[in-house]
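A.B. asks: Residue-level listing of the chains:
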Amino acid sequence: KNEVEQSPQNLTAQEGEFITINCSYSVGISALHWLQQHPGGGIVSLFMLSSGKKKHGRLIATINIQEKHSSLHITASHPRDSAVYICAVPGVKAGGNEKLTFGTGTRLTIIP
Amino acid sequence: DAGVIQSPRHEVTEMGQEVTLRCKPISGHDYLFWYRQTMMRGLELLIYFNNNVPIDDSGMPEDRFSAKMPNASFSTLKIQPSEPRDSAVYFCASSRLKSPLHFGNGTRLTVT
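Going down the list, the protein sequences come from chains A and B.
For the first sequence, this note's numbering gives the first residue as 1093, with consecutive numbering after it.
For the second sequence, this note's numbering gives the first residue as 56, with consecutive numbering after it.
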């Protein structure tokens, strides 16, 4: 089973700050997922990436396959970014989504 | 695209009762996943289907849990008999091969 570690567990920042959330995993993978879970409970897939960097609006996800590490960055953070951010990786033999192992999540709070 | 639809949103039942959770995946998605989320264990995969066929049910906690997918547009997760420790939020998600997951809004189950 792939072990997933996220850091920090909790993060509080002022509006406008640059945010970085980290994810490390133990076994090589085909793709890594970043998910967002809002206080209401719904889960949204932010990124699925297998190499390099992806950007969507103010969110940027990077992955270093050799170092088994991914980061999620938020630029110009806003209170509506307050949520739990979850990293997930598939099982060793899986193609993409099968048998995902989830990190424990990073609870982000942005203060106005 | 209506997204993944789960019902009910909330379910409160007494120990020993049968509980059935329902999920309608996004049309055209050939993978369907059932997850359980608790404070203690986070998100866990229970079972997943590919083209309506159960592929891996190793995450199903015990024989009290069963899942079916009679056709491409409907799946159920059944717990019989239910126990207080089954209280959790149950998510259904669907996807295409090697594509991002789309989650339903979840069913919050409380077993008293």
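Think of the hints as simulated: they come from the structure by calculation, not from any bench.
Warning: the hint list may mix true and false statements.
To be verified - Derived lysine to any residue pairs resembling SDA-like cross-links, with alpha carbons at most 25 Å apart:
1. Lys1160(A) - Arg96(B)
2. Lys1191(A) - Thr68(B)
3. Lys153(B) - Met94(B)
4. Lys1160(A) - Ser154(B)
5. Lys133(B) - Phe1194(A)
6. Lys153(B) - Ser1118(A)
Stated by the list, open to error - A few chain B positions that, by computed beta-carbon distances, are all more than 12 Å from chain A:
7. Gly58
8. Arg96
9. Arg119
10. Arg151
11. Pro155
Cβ coordinates follow ideal geometry from the N, Cα and C atoms, glycine included.
A.B. asks: Now look at each hint and say whether the structure bears it out.
C.D. replies: Now for the hints, and whether the structure bears them out:
1. Lys1160(A) - Arg96(B): holds, 23 Å
2. Lys1191(A) - Thr68(B): violated, 29 Å
3. Lys153(B) - Met94(B): It is violated: about 28 Å lies between the C-alpha atoms, which goes past 25 Å.
4. Lys1160(A) - Ser154(B): holds, 21 Å
5. Lys133(B) - Phe1194(A): Distance ~24 Å between Lys133(B) and Phe1194(A) Cα, so the pair holds.
6. Lys153(B) - Ser1118(A): holds, 21 Å
7. Gly58: violated, 10 Å
8. Arg96: violated, 10 Å
9. Arg119: Holds, because the least Cβ-Cβ distance between Arg119(B) and chain A comes to about 22 Å, which exceeds 12 Å.
10. Arg151: At about 9 Å from chain A, Arg151(B) fails to clear the 12 Å cut-off, so the statement is violated.
11. Pro155: violated, 4 Å
Hint check: violations occur at hints 2, 3, 7, 8, 10 and 11; the rest are consistent with the structure.
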